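As they're listed, the protein sequences go chains A, B and C.
For the first sequence, position 237 matches number 280 in the numbering used here, and the numbering has no gaps at all.
For the second sequence, position 134 matches number 752 in the numbering used here, and the numbering has no gaps at all.
For the third sequence, position 36 matches number 59 in the numbering used here, and the numbering has no gaps at all.
Since the hints were derived computationally from the structure, they do not count as laboratory data.
It should be emphasised that the depicted structure is a prediction, and the values quoted were computed from it without experimental measurement.
Zero decoy hints are in this set.
Straight line, CA to CA, 25 Å or less: simulated DSS-like cross-link-like pairs of lysine-lysine:
1. A:Lys359 / A:Lys385
2. A:Lys530 / A:Lys329
3. C:Lys121 / A:Lys388
4. A:Lys385 / A:Lys340
5. A:Lys359 / C:Lys121
6. A:Lys388 / A:Lys359
7. A:Lys329 / A:Lys578
8. A:Lys385 / C:Lys121
9. A:Lys340 / A:Lys305
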Amino acid sequence: MGNLLTIRDLRLEAGPPRAPKVILEGLDLDLDRGEVLGLVGESGAGKSSAGLAAMGFTRDGVRIAGGGIQFDGIDLARASQGQLRRLHGRRIAYVAQSAAASFNPAHRLIDQFAEGPLLHGTADAGAARDDARALYRQMQLPNPDQIGFRYPHEVSGGQLQRAMTAMAMACRPDLIIFDEPTTALDVTTQIEVLGAMRDITERYGTAAIYITHDLAVVSQMADRITVMRHGREVETQPTQRMLEAPEEPYTRSLWAVRGIQKPAATGSAPPLLTLEGASAQYRGFKALDGIDLALAKGRTTAVVGESGSGKSTLAKVIAGLMAPSEGRVLWEGAPLAGHHGKRDKRQLRDIQMIYQMADTALNPRHTVRETLERPVGFFTGLRGAARRARVRELMELIELDPEEFLDRRIPELSGGQKQRIGIARALAAEPRFIICDEVTSALDQIVAEGILKLLIRLQEELGLSYMFITHDLATVEAIADEVVVMKDGQIIEAGARAQIFEAPRQAYTRRLLASVPQMDAGWLDRARRDAAEAKSLEAAG
Amino acid sequence: MTRLNKLILSRLGLGVVTLFAVSALMFIGIELLPGDLAQQILGQSATPETLAAFRAELGLDLPPHVRYLDWLAGVVQGDFGQSLASGREVTDLLSTRLANTMFLAGYAAVIAVPIAVSLGLLAALWRNSIFDRTANIGALSAISMPEFFVAYLLILVFSIKLGWFPTLARIDTAESLGQALRVTFLPALTLIMVVIAHMMRMTRAAIINVLAAPYIEMARLKGVPRWRVILRHALPNAMAPIINVIALNLAYLIVGVVVVEVVFSYPGLGQLLVDAVASRDFPVVQAVGLFFAGTYILLNTGADILSILSNPRLRQTG
Amino acid sequence: MTVLRSAPPTAIFGLLVLSATLLLGLFAPLVAPYGETEIVGAEYLPWSAAHPLGTDNLGRDMLSRMIYGARNTVGLALLTTGIAFSIGAALGMFAALKGGWVDQALSRMVDVVMAVPPLILALMLLAIIGPSIPNMVGVIAVIYLAPVFRLSRAAAMNVVALDFIGAAQLRGEGTLWLLRREILPNISSTLVAEAGLRFCFVFLFIAALSFLGIGIQPPTADWGSMVKENATLITFGDVTPLIPAGAIALLTVSINFIVDWMLHRASGLKS
Numbered sequence: 044m045g046n047l048l049t050i051r052d053l054r055l056e057a058g059p060p061r062a063p064k065v066i067l068e069g070l071d072l073d074l075d076r077g078e079v080l081g082l083v084g085e086s087g088a089g090k091s092s093a094g095l096a097a098m099g100f101t102r103d104g105v106r107i108a109g110g111g112i113q114f115d116g117i118d119l120a121r122a123s124q125g126q127l128r129r130l131h132g133r134r135i136a137y138v139a140q141s142a143a144a145s146f147n148p149a150h151r152l153i154d155q156f157a158e159g160p161l162l163h164g165t166a167d168a169g170a171a172r173d174d175a176r177a178l179y180r181q182m183q184l185p186n187p188d189q190i191g192f193r194y195p196h197e198v199s200g201g202q203l204q205r206a207m208t209a210m211a212m213a214c215r216p217d218l219i220i221f222d223e224p225t226t227a228l229d230v231t232t233q234i235e236v237l238g239a240m241r242d243i244t245e246r247y248g249t250a251a252i253y254i255t256h257d258l259a260v261v262s263q264m265a266d267r268i269t270v271m272r273h274g275r276e277v278e279t280q281p282t283q284r285m286l287e288a289p290e291e292p293y294t295r296s297l298w299a300v301r302g303i304q305k306p307a308a309t310g311s312a313p314p315l316l317t318l319e320g321a322s323a324q325y326r327g328f329k330a331l332d333g334i335d336l337a338l339a340k341g342r343t344t345a346v347v348g349e350s351g352s353g354k355s356t357l358a359k360v361i362a363g364l365m366a367p368s369e370g371r372v373l374w375e376g377a378p379l380a381g382h383h384g385k386r387d388k389r390q391l392r393d394i395q396m397i398y399q400m401a402d403t404a405l406n407p408r409h410t411v412r413e414t415l416e417r418p419v420g421f422f423t424g425l426r427g428a429a430r431r432a433r434v435r436e437l438m439e440l441i442e443l444d445p446e447e448f449l450d451r452r453i454p455e456l457s458g459g460q461k462q463r464i465g466i467a468r469a470l471a472a473e474p475r476f477i478i479c480d481e482v483t484s485a486l487d488q489i490v491a492e493g494i495l496k497l498l499i500r501l502q503e504e505l506g507l508s509y510m511f512i513t514h515d516l517a518t519v520e521a522i523a524d525e526v527v528v529m530k531d532g533q534i535i536e537a538g539a540r541a542q543i544f545e546a547p548r549q550a551y552t553r554r555l556l557a558s559v560p561q562m563d564a565g566w567l568d569r570a571r572r573d574a575a576e577a578k579s580l581e582a583a584g
Numbered sequence: 619m620t621r622l623n624k625l626i627l628s629r630l631g632l633g634v635v636t637l638f639a640v641s642a643l644m645f646i647g648i649e650l651l652p653g654d655l656a657q658q659i660l661g662q663s664a665t666p667e668t669l670a671a672f673r674a675e676l677g678l679d680l681p682p683h684v685r686y687l688d689w690l691a692g693v694v695q696g697d698f699g700q701s702l703a704s705g706r707e708v709t710d711l712l713s714t715r716l717a718n719t720m721f722l723a724g725y726a727a728v729i730a731v732p733i734a735v736s737l738g739l740l741a742a743l744w745r746n747s748i749f750d751r752t753a754n755i756g757a758l759s760a761i762s763m764p765e766f767f768v769a770y771l772l773i774l775v776f777s778i779k780l781g782w783f784p785t786l787a788r789i790d791t792a793e794s795l796g797q798a799l800r801v802t803f804l805p806a807l808t809l810i811m812v813v814i815a816h817m818m819r820m821t822r823a824a825i826i827n828v829l830a831a832p833y834i835e836m837a838r839l840k841g842v843p844r845w846r847v848i849l850r851h852a853l854p855n856a857m858a859p860i861i862n863v864i865a866l867n868l869a870y871l872i873v874g875v876v877v878v879e880v881v882f883s884y885p886g887l888g889q890l891l892v893d894a895v896a897s898r899d900f901p902v903v904q905a906v907g908l909f910f911a912g913t914y915i916l917l918n919t920g921a922d923i924l925s926i927l928s929n930p931r932l933r934q935t936g
Numbered sequence: 024m025t026v027l028r029s030a031p032p033t034a035i036f037g038l039l040v041l042s043a044t045l046l047l048g049l050f051a052p053l054v055a056p057y058g059e060t061e062i063v064g065a066e067y068l069p070w071s072a073a074h075p076l077g078t079d080n081l082g083r084d085m086l087s088r089m090i091y092g093a094r095n096t097v098g099l100a101l102l103t104t105g106i107a108f109s110i111g112a113a114l115g116m117f118a119a120l121k122g123g124w125v126d127q128a129l130s131r132m133v134d135v136v137m138a139v140p141p142l143i144l145a146l147m148l149l150a151i152i153g154p155s156i157p158n159m160v161g162v163i164a165v166i167y168l169a170p171v172f173r174l175s176r177a178a179a180m181n182v183v184a185l186d187f188i189g190a191a192q193l194r195g196e197g198t199l200w201l202l203r204r205e206i207l208p209n210i211s212s213t214l215v216a217e218a219g220l221r222f223c224f225v226f227l228f229i230a231a232l233s234f235l236g237i238g239i240q241p242p243t244a245d246w247g248s249m250v251k252e253n254a255t256l257i258t259f260g261d262v263t264p265l266i267p268a269g270a271i272a273l274l275t276v277s278i279n280f281i282v283d284w285m286l287h288r289a290s291g292l293k294s
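Work the whole structure out from these sequences, hints included.
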């Protein structure tokens with residue numbers, strides 16, 4: 044029994060009462076005062092619903108179908124709307140995933156901060172404003188005395204997320220629900236936000252439920268971790284024990300994901316694709332600034348960077364979706380036309396792309412067969428039985444059973460299956476070079492691992508060259524031969540995988556590497572220290 | 619100049635350009651007539667001499683762009699030329715009728731707008747309740763009825779059977795405001811019923827859209843009471859869409875007026891336009907058409923500007 | 024059939040009215056007791072066994088004209104909607120796919136058309152080219168092409184932004200393939216629902232024009248002009264002129280009910 048929150052045998056349902064869809068089943072949670080519980084799971088595990096249920100709140104169409112939620116002696120599952128309203132914001136507060144969408148665009152930050160204390164009668168307007176400034180300062184927001192007078196759209200994402208945590212703190216609640224608060228942030232921003240959140244909950248002894256899909260993040264924040272899957276609890280352990288000795292096979296499989304690593308490439312390979320002083324701009328904004336880069340034949344080059352670094356623009360320029368404003372792109376030494384419409388069919392075939400969102404990369408109105416038959420016919424000119432045979436061959440290459448899948452429509456596939464079809468479509472052209480644009484970032488970890496293994500195998504069998512665009516350094520470590528680090532449209536550093544990871548030359552690269560969450564409890568403290576140092580170094584030049 | 623002023627000026631400019639485009643299109647349309655205007659009016663049997671004389675009278679012997687600019691210069695000074703059917707100054711024909719049409723549309727708007735917005739608000743708040751469903755079916759039915767059906771139905775009940783209101787809205791014979799309001803009650807009611815249905819549905823949709831935003835859930839999770847969620851969190855963000863809904867429906871009123879005026883023999887612009895179209899009295903058609911189009915464009919431009927002003931994103935960053 | 028079973032009573036009502044109207048219109052010559060323009064007796068005869076709805080202002084059988092009116096009014100509305108939709112949707116998708124000056128040019132033209140209230144624009148255009156059935160169909164089709172263009176452009180824009188269009192373009196697919204095979208299937212449900220609504224507008228619009236004497240011209244039977252022709256009867260407390268008007272309302276309500284249900288189903292299926 045937790046002395047603050049006790050959830051027993053909770054069941055949430057959605058849809059028609061006669062044939063309900065179960066969101067949560069048999070969930071037990073306990074939380075003591077001042078304790079931080081991590082809720083971890085992949086998408087659809089029910090962790091957000093569980094977090095909201097801890098507030099006695101369900102989204103439209105979802106209902107509490109059984110079990111109890113005791114918060115400090117109050118049964119939230121049976122409490123009246125009025126009772127809940129008095130608790131919400133006052134004793135239980137909520138921090139949402141997207142701060143940009145969860146702040147009301149029509150009001151200033153400080154007015155939204157003060158709304159809670161005024162409504163709940165914990166402070167008058169003047170005191171609430173003073174408190175807002177104090178909390179903004181504690182959350183390490185820049186310019187804490189004035190920042191509250193801005194509107195949400197005038198403040199960056201990382202700052203908004205901290206302002207939202209400050210707002211949640213406004214009435215000094217007993218419990219805060221953090222619902223994936225850093226998922227939308229870049230890794231270097233994430234460190235600052237995580238640190239500020241942890242400091243403030245510790246300072247006021249606030250209990251918290253921290254919801255995330257990222258094990259490394261939760262291991263920094265939580266005292267105990269509950270792993271969920273398909274609306275059920277899988278395992279609950281104290282953080283240290285969970286990291287060192289998880290008991291359930293599913294939990295162990297989550298830990299094992301980071302185990303793949305492609306053997307290091309040996310010797311040198313001739314360049315396949317070369318960029319010479321390539322720049323590109325959007326409406327006068329230089330998204331790519333004088334890029335010189337050679338991508339080696341048969342190798343995997345990973346391009347890493349945070350949002351806005353220009354890595355996606357680089358992919359567009361190579362693919363011919365965007366013409367370079369200066370410089371040029373060479374394919375085996377011969378210049379490539381800037382726009383794909385001006386490239387010949389052989390060049391179009393050679394360079395293929397796999398996309399981040401398999402959902403939008405495949406036409407949802409087509410079947411798997413239609414998706415694959417068209418490019419096979421279009422590029423190779425195969426017809427009839429030969430084309431059907433080639434499609435089956437492709438299905439076998441991506442390890443999906445043709446009998447089972449060929450006649451399915453795209454929406455009937457899982458995320459990982461869709462991504463495999465996306466790979467098959469690229470292979471249909473019989474390419475030599477494939478651009479992989481964040482191909483695993485929308486996938487759950489286990490599925491992502493399967494995709495990476497498949498790509499490594501295909502590279503060995505078909506002699507493909509890859510360019511991997513990603514922000515995830517764990518992926519880079521697993522599959523890259525060469526690494527290119529980008530920032531503000533320029534290449535900061537490029538080199539072999541081992542060199543970049545073991546002996547980075549640039550301060551930014553070091554900071555980026557240090558920002559990647561690690562699964563040991565002391566990482567966040569180290570990372571904050573390193574980040575502060577690296578930042579001052581970068582500033583120094 | 620701030621970004622906001624620039625935005626507003628560009629909207630105003632766009633409105634003016636559109637109005638010019640419409641007037642030019644009208645002019646070109648008439649220009650493309652087989653034969654020419656004089657031939658059209660005088661018929662095939664007219665002698666070449668009378669045709670030539672008539673052309674000179676209408677200024678048809680001048681090149682088209684000169685005539686367009688002449689006409690435009692006249693319009694700017696309030697001179698729309700003469701009616702072909704009656705020979706009277708178009709401006710004279712327009713003036714009293716314009717006031718009448720504005721009176722009727724204003725009468726309907728003053729009653730319809732507050733009712734429609736409140737009904738839409740309530741339907742959105744009590745979504746999927748009996749009230750919402752009944753209102754939805756009622757609104758769908760009202761939208762589906764041609765204005766003349768509603769009008770004749772009202773005449774049959776309130777005028778013929780009950781004898782409360784006159785069948786013809788003879789506003790020109792009304793002696794007091796009270797009497798004017800009484801004789802025009804049925805046409806106003808017809809417009810009100812049709813406009814309320816449209817507006818209610820649009821308001822409801824706009825509010826429901828805002829209520830689905832994450833910041834509304836956030837407000838509820840801060841323990842904000844329901845009425846305050848609506849007034850403080852939903853309404854400021856729903857202002858722009860609601861303003862648009864109102865403008866759109868005021869514009870719709872202007873159009874609905876045409877049919878209603880014909881049913882009730884109301885001496886307004888709509889009636890004038892229909893008569894002028896039937897007798898192919900082009901100067902009148904041009905003038906009235908331009909006026910209706912102008913009002914429509916003005917309302918839409920106004921709505922655009924108001925929604926820009928109600929958006930804190932645009933209001934703040936200079 | 025399982026789809027129908029889940030339909031609300033309003034939608035079932037709508038489907039019944041719609042199919043009855045379509046059947047009547049289709050088999051008008053077989054069903055109608057008299058000809059469309061045949062003068063069968065005195066003017067304004069009251070309702071009787073021989074003439075269930077009496078006769079009109081020229082002594083033609085009201086019931087027969089109602090039945091022929093279904094054919095003419097609904098048929099022309101279908102034709103007009105069809106023209107507006109095929110052209111509007113095609114141009115909208117084309118503008119979304121091509122972007123640039125093609126999109127700008129088409130969009131600005133549509134803006135001008137939509138800047139004028141439809142009824143006023145129709146009256147002005149018909150004043151210029153003269154009222155006749157082909158002219159009316161053409162003018163209304165042009166006017167309603169504009170909103171269809173906007174909708175299909177907006178819907179297609181969302182699709183064009185998706186990666187599978189980029190993938191097809193990178194493959195070197197032609198415009199026709201992109202429009203027909205990649206974009207159209209993804210916006211067809213939006214277009215179908217919109218077609219239902221637009222049909223209602225067009226239908227009401229034709230009725231209004233005919234009522235004003237500028238749409239379908241006599242002696243062709245149509246519900247709008249029938250109201251106008253017999254309006255005097257209202258002043259004598261006779262409801263006969265309300266029957267064609269009511270028929271217009273009934274059919275429009277029915278289609279609106281069906282569309283409402285379809286939209287509801289579509290949004291329900293998505294979530």
